Amino acid sequence: MRRIANVNRRARLLGPLAVLVAVVLAVSACGSSSSNSSGANGEAGVNVGKPQSGGSLTVLEDSGFAGGYASGLDPATDTTGGANLPQMQSIFGGLFLLEADSKGQNAKIVPNQAQSYSFSDGGRTMTIKLRPGIKFSDGTPFDAQTVVWNMLRDSKSPCSCAPVWQLTKKNPIVAKGNLTVVIHMTQPNGSLISNFPISNVNWIASKSAFEKMGAAKFKTAPVGAGPFTVVSDKLSSELVLKKNPNYFKKGLPYLDNLTFKSVGGDQPAYQALEAGQADAYEGMSTVPLIDQAQKNSKFVVTQEPATSPYVVQLNTMKAPFNNIKAREAIYYATDFSAISKGLFKQDLPVSGSFVGPGGLFYHKSVPGYRSYDLAKAKQLVKELGGLTVQLGTTNIYTANQVMTALQTQWQKAGIKVTTHSYALNQVIQQFTSGSWNAMLQTAGAWDPAAGVGVAFRFASTSPFTGVKDPKLDQYFNEAGATTDPTKRDQDYLKAAEYISQKAYAPFGFAFSPANIAVKGVHGPGLTTPIPGLAVNTQVLWDQVWRAQ
Amino acid sequence: MSAVSGLLPTRSGSGLGRLGRVAGSPLLRLIVKRVLLAIPILLGVSVLTFWVLSLIPGDPARAMLGMNATDQQVATLRHEYHLDESGPHRYLDWLTSALHGDLGTFMVSSQSMTSMLGDRWPVTFELVILAFVVSLGLAVPVALLAARWPGSVFDRISMLCSVTGLAVANYVLALLLAIVFAVELGVLPSIGYVSLSHSIVGNLKSMVLPTLAIAIPLFCFYTRFLRGDIVDQMQSEDYVDTARAKGIGPWRILWMHAFRNSSFGLITIVGLNVGTLVGGTVIIEQIFALPGLGQLLLQGINTRDTVVVQDLVILFAAIAVLANLLVDVLYAVLDPRIRYGSR
Numbered sequence: 217m218r219r220i221a222n223v224n225r226r227a228r229l230l231g232p233l234a235v236l237v238a239v240v241l242a243v244s245a246c247g248s249s250s251s252n253s254s255g256a257n258g259e260a261g262v263n264v265g266k267p268q269s270g271g272s273l274t275v276l277e278d279s280g281f282a283g284g285y286a287s288g289l290d291p292a293t294d295t296t297g298g299a300n301l302p303q304m305q306s307i308f309g310g311l312f313l314l315e316a317d318s319k320g321q322n323a324k325i326v327p328n329q330a331q332s333y334s335f336s337d338g339g340r341t342m343t344i345k346l347r348p349g350i351k352f353s354d355g356t357p358f359d360a361q362t363v364v365w366n367m368l369r370d371s372k373s374p375c376s377c378a379p380v381w382q383l384t385k386k387n388p389i390v391a392k393g394n395l396t397v398v399i400h401m402t403q404p405n406g407s408l409i410s411n412f413p414i415s416n417v418n419w420i421a422s423k424s425a426f427e428k429m430g431a432a433k434f435k436t437a438p439v440g441a442g443p444f445t446v447v448s449d450k451l452s453s454e455l456v457l458k459k460n461p462n463y464f465k466k467g468l469p470y471l472d473n474l475t476f477k478s479v480g481g482d483q484p485a486y487q488a489l490e491a492g493q494a495d496a497y498e499g500m501s502t503v504p505l506i507d508q509a510q511k512n513s514k515f516v517v518t519q520e521p522a523t524s525p526y527v528v529q530l531n532t533m534k535a536p537f538n539n540i541k542a543r544e545a546i547y548y549a550t551d552f553s554a555i556s557k558g559l560f561k562q563d564l565p566v567s568g569s570f571v572g573p574g575g576l577f578y579h580k581s582v583p584g585y586r587s588y589d590l591a592k593a594k595q596l597v598k599e600l601g602g603l604t605v606q607l608g609t610t611n612i613y614t615a616n617q618v619m620t621a622l623q624t625q626w627q628k629a630g631i632k633v634t635t636h637s638y639a640l641n642q643v644i645q646q647f648t649s650g651s652w653n654a655m656l657q658t659a660g661a662w663d664p665a666a667g668v669g670v671a672f673r674f675a676s677t678s679p680f681t682g683v684k685d686p687k688l689d690q691y692f693n694e695a696g697a698t699t700d701p702t703k704r705d706q707d708y709l710k711a712a713e714y715i716s717q718k719a720y721a722p723f724g725f726a727f728s729p730a731n732i733a734v735k736g737v738h739g740p741g742l743t744t745p746i747p748g749l750a751v752n753t754q755v756l757w758d759q760v761w762r763a764q
Numbered sequence: 002m003s004a005v006s007g008l009l010p011t012r013s014g015s016g017l018g019r020l021g022r023v024a025g026s027p028l029l030r031l032i033v034k035r036v037l038l039a040i041p042i043l044l045g046v047s048v049l050t051f052w053v054l055s056l057i058p059g060d061p062a063r064a065m066l067g068m069n070a071t072d073q074q075v076a077t078l079r080h081e082y083h084l085d086e087s088g089p090h091r092y093l094d095w096l097t098s099a100l101h102g103d104l105g106t107f108m109v110s111s112q113s114m115t116s117m118l119g120d121r122w123p124v125t126f127e128l129v130i131l132a133f134v135v136s137l138g139l140a141v142p143v144a145l146l147a148a149r150w151p152g153s154v155f156d157r158i159s160m161l162c163s164v165t166g167l168a169v170a171n172y173v174l175a176l177l178l179a180i181v182f183a184v185e186l187g188v189l190p191s192i193g194y195v196s197l198s199h200s201i202v203g204n205l206k207s208m209v210l211p212t213l214a215i216a217i218p219l220f221c222f223y224t225r226f227l228r229g230d231i232v233d234q235m236q237s238e239d240y241v242d243t244a245r246a247k248g249i250g251p252w253r254i255l256w257m258h259a260f261r262n263s264s265f266g267l268i269t270i271v272g273l274n275v276g277t278l279v280g281g282t283v284i285i286e287q288i289f290a291l292p293g294l295g296q297l298l299l300q301g302i303n304t305r306d307t308v309v310v311q312d313l314v315i316l317f318a319a320i321a322v323l324a325n326l327l328v329d330v331l332y333a334v335l336d337p338r339i340r341y342g343s344r
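Residue numbers (my numbering), protein chains in the order written: chain L, 217 to 764; chain H, 2 to 344.
With the rest of the complex left out, here is chain H (with noise of 0.2 Å):
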């Protein structure tokens, strides 16, 4: 044995050893696996978004400078902004920084677009948060409630609220939640954001109303889907008779077998609607005058900054991926048979 063999641990005890096992688990190959196919899909869609952002016909630089600009001055800019160099050149430049945290600059205001990414994460942040955890908090307990008493005023009355909550629009709703809540009420403000650090309690306030304008239509949209489908899993489901075979209580089916299956559907979903949502933050934030990166997304496009709308639509694509590599997480911690491959 060599020098070396006596700094390793010994296979029963901690340290290398247990390193090896955790390299060798079936979970965090799977993350690995998956991050590693993010990287070809955030490449992607970098790709994507600088090719089609290129395609807008007219310069930005002009159209920052206007017509009074001499083409002496319009060619500085697009110097000093690299306008000037060709579409891949500019696209590697971009990556590059971006690979060392160098976002870029906001050409308008010359801002680095990661101060002003740093001020405005938590808003947009916090909003998805709060969202997912309202539609997820009340959703799955009314879905259960529905799904335990199909066909009962409480189920009716749920699947009637979801169908309505699912037929407005949600700046529909944000209006319509200012108008009773922050008008008739009082209770709540209509615009503005206060951060966590200013005031914990006006904070929470101002992000009420946005919230709900978010989280209701989801909420809705998770009940009727988890209803249903446990409503499904205890009609026709052979593990459902078997389990009341054995005398185990309806709730008990209900909660550790029937929702456990279908809570993968709602995770999927859950997965899914992450993109979406996060594009959603755009009007709400517009309409509750919240500052986040919806609302900086808009002064991009309509400044025609290519480096903010870039910069933007790769954050989003990356929650988007980050959060669907957690979906996959959580099946594997539902399921072992994913965790170890054998489906």
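If we strip away everything but chain L, and leave its shape as in the complex, we get (with noise of 0.2 Å):
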């Protein structure tokens, strides 16, 4: 009796420390909603006046994704170059840009530190002609020759960012003269250009810098012919950058000084954006945080056109994907539509292939998709004699929401399935090892070869596919081997066709993340819309600009 009188009063003494803590959550999460939406596409065509110079900004990356560099910042070793685009951008520029309207439409690769370029012997030969008077932040000229040094030292580098080029054996890459660049290859590779604003060889390093800094130096303190230079680099954890006084543009960078810092995540990310200690934040991928920011009138969010669809990734070399029967149980348990309703309170569109409705070549539906089919889940399943499978993907928020809802619904279909989260690495570990099964990631590009496309899914040579197959790679490679978008559009329907008839991987809905800034920051890619590249947007660091 007594312990039942005790109980009860810790349940008076409790109550209302509950309601304590219930007011301080909801007062939290009230004080930082408003009414005024700022809806999620940034200031897609909105006049936002002339550009201001001056100001810092400060900008979060999340650790697990483009926060984390712990490789370095030298382009030909950085593993995760593909993730670290607004370290690289601000220090490198590039050669190549993505860049759009300010309605995130009509988005087209630019030449940037390039000029120009041209292919010639039927695609084999590419011409790159440099913007002359352009010089490294270290003083150095921005020449043919150290761009032919950066791209033969990308190339042969053993890093898993090494370019996957088919140079000829014979003077692969060579200058001619002080701003022209030639690159020669055995077959034409059309989606060379799109490629390029993602891969590590469109950031050129100082040859002087690196040779007198040393490789190891080098990652830190890296320089380049970027808008900024490095002032300080803490691998992982905050990257402050200074305006280059020899950046080739005129008037740009509009910012003085421009900070990275990593977060361990969304929900630190949207509380440090609240509390006013950064100013941007790329990448936000938690739906809840992406409604809470659109409702807060602090903040302009940018959702940038979606073109890179979730798939299932099966590892078709070892069992049970090694069978055609377990793939195609795997289609008929998959019902992306019901988790896009679920999760997202919205019907985003299902995709039959790599490529979603932001990207080039993009097909509403690819005929003889297996569609969900519960029934013919369990057949087969029970055919099989049973199936477990290992699910894994990338530890982002989005990601694993999505994950848990897939192993709801296999389970529904007698499928046993666990479910693993990892880091970055971690993801290229299982990868790279083989020992995978089946892993949720996202395919294609704005263009379906470039970056994380769907050769580096799907492609024989990749690292990253779970599919070798040679007729897939021989529709990828005529796709790729034209640059004729009608002939690129038939080719690519064709392998979506063939990945749908051998069940080799079902493809999802187009998720693109977020990026949120205060008001008062503007810039293209990040309060306009730019397509991904791969997940995130470039965002063109040298045009942003706040408000003084």
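These aren't lab readings, by the way, just hints derived from the structure by calculation.
With the C-beta cut set under 7 Å, the calculated list includes, among others, these residues of chain L facing chain H:
(1) G288
(2) S453
(3) V479
(4) E490
(5) A491
(6) T648
Listing some non-contacts, in silico: residues in chain H with all C-beta distances to chain L over 12 Å:
(7) K34
(8) V202
(9) S237
(10) R245
(11) G248
(12) F260
(13) G266
(14) V275
(15) L316
(16) L326
Fair warning: this is a prediction, and the values are worked out from it, not measured in the lab.
Glycine included, C-beta positions come from ideal geometry on N, C-alpha and C.
Each chain sits in its own coordinate frame; assemble them with the hints.
Structure representation (structure tokens):
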């Protein structure tokens, strides 16, 4: 009795405390909200006035993705270069960039440090003319010899970030004069130019600085010809940059200082933005926080055109997915449409292929694609005598949510599923070790062949493929070997049909993360949409400015 | 007497005689004994860590270089980092280098571990020290007050707070603290670290929330433990009744007798907490974006860098061993029976 009385007393005391905690939570949730919604399109098509020079900006990056660069920022060895676009673009600029109009439409690759490019020899030779007068921030000339040195170094690097170019053995990349670089390939590569902005070869480092510093030091204090120079760098923690006085674009960059800080995920990042400790965050993927940011009058939320649909990669080189029946069971057990409605409260278009609605060569449906059919899935699992799957994904909020939803759906079909959430480096390790089973990833890019493109997930030569099929390689090669958009469209559709026919990997909806900036900060890719090259958009940091 | 004896100080003088007394002191013998005992413990931890890390499947060199790398390139990297040598050989190499002050290299960035640890240890060290100071600084007076009037409103509130604090995970508390003090009140930063050399005020401000996130659960635990132990002593120990019979005031009994006795238990718990606490900084450093050892350990694990993990695990183990040595010394200081080996 005394014990019960004690419990009751405790309950009476705990009651008010619970209310107190609830009030604190409610106040903190409401306090940051406002009825003014900024919408999800940022400042697309909005006149925000004339850009102003000066000021500093602190940008947050998720330490599990763009903010993770343990291998440093040397283009030849940055294994996560495709994720570290913000840092790389700020320091190195880039030979080419993806730009779009202020509404995020008409996206195209434009020369930046390059002045122009052309193809010859049936697409086997690419000639890049460099913009004259560019200097690295250490004062040395940005010339063809340095670009060739960089490209050869990148190509020969054992890094998984090395470009997959079919170069000729003799004189693969040569300089002609001071401003012309010629790349010789054994076969045409129609997507070569689309690949540049997300490839490590796009970022040209100062050879002189590299030789002076040595490889180890260069990783933390790289020297490029981009809009900013490195002040200090703590790997995967904080990168402090200042304006490059030698930057080749007159009047740019607008900002005097730019700092990238790595944070442990969306929630701490959002709180830091609310606390006024940072001015922008790239790649917010937590849907409730995106919603909250949209309702907050302090922020501008820009959701980029989605280009890369989810894909459940199946490792067809080992059991159980070396059996088509197991793969078919996964197709029939998967209902991405229900996941879209359930998790995202919206009917995101589910793709039957590796292209999302914001990308090139998008098709709403793929003929013969196996859609959700629980009865068929159950039947196949029964025929297989059971199916056990290890499903993994990158440790990102949305991906984890989708993975859990898939687990639930597959379990309904009688599939035994265990899930694993990995940091980016661990994902790479899983793929390279070949021990993985099924992996929820995103496929394609703005151009299906660029960056984390379709070949990245499906070509036999890729370290990140679950498929080794010469016929599929052939489709990709044909699509990549032409610069004719109509032909490429047809080839990619054929490849999508083939993947579907072989049940190599079910595709889902394309979801793009959002960029959040405080009001008064403006810039292409940050507050106006640009299609994501792979996952995140490449913000054009030299054009980012803040109202003074 | 030889010439040598002339150089020796007299028995009553300072110098060697004093040294002799110090050398013969039970406390020093205890410290030496514990330090000697720490050596096999640390060696055991290092062997165990090395062995466990070697069991993880996959090749770190291949994982780092990717599938594009040729076998020759992988072999070169393996050779560069001695991954091509046998396990025992690699372990002895690492041990020899570590004993000479070379802790190896962070494979993915080619940075020296010695310099990385040098950059990062002050952050974690400061965080842990502040967390202990705050938690003990609050727990002792609160526990004493609660034990002075058991069952009072103050006692009940303090116990309620302790139970609640223990029930909340430190990462949830971290986010909650950031919402209240950084977002709502705007008085403290929610991320980032300012070094002491840059600004003392800035440093303290940047450490308040991470410190509280670690210290509050500790404070709750210590308060609950200490209050219970003191109340127990006050109600059941004969020496308390004797002291009361002598007319000693309740505060003096509480402070000089009961608390002194209870502090043994508290010191033990604090010593045992050190290892857990240092490990716990991994999450807190991640949430508050503090560039400390916890963040480095996470990077090491993510990149499968055995040298980083090995170095940090040994460092954390050494800290735990050192903390327990301090606990033993404090025992001896507080209780002469331990010092003179009668217990």
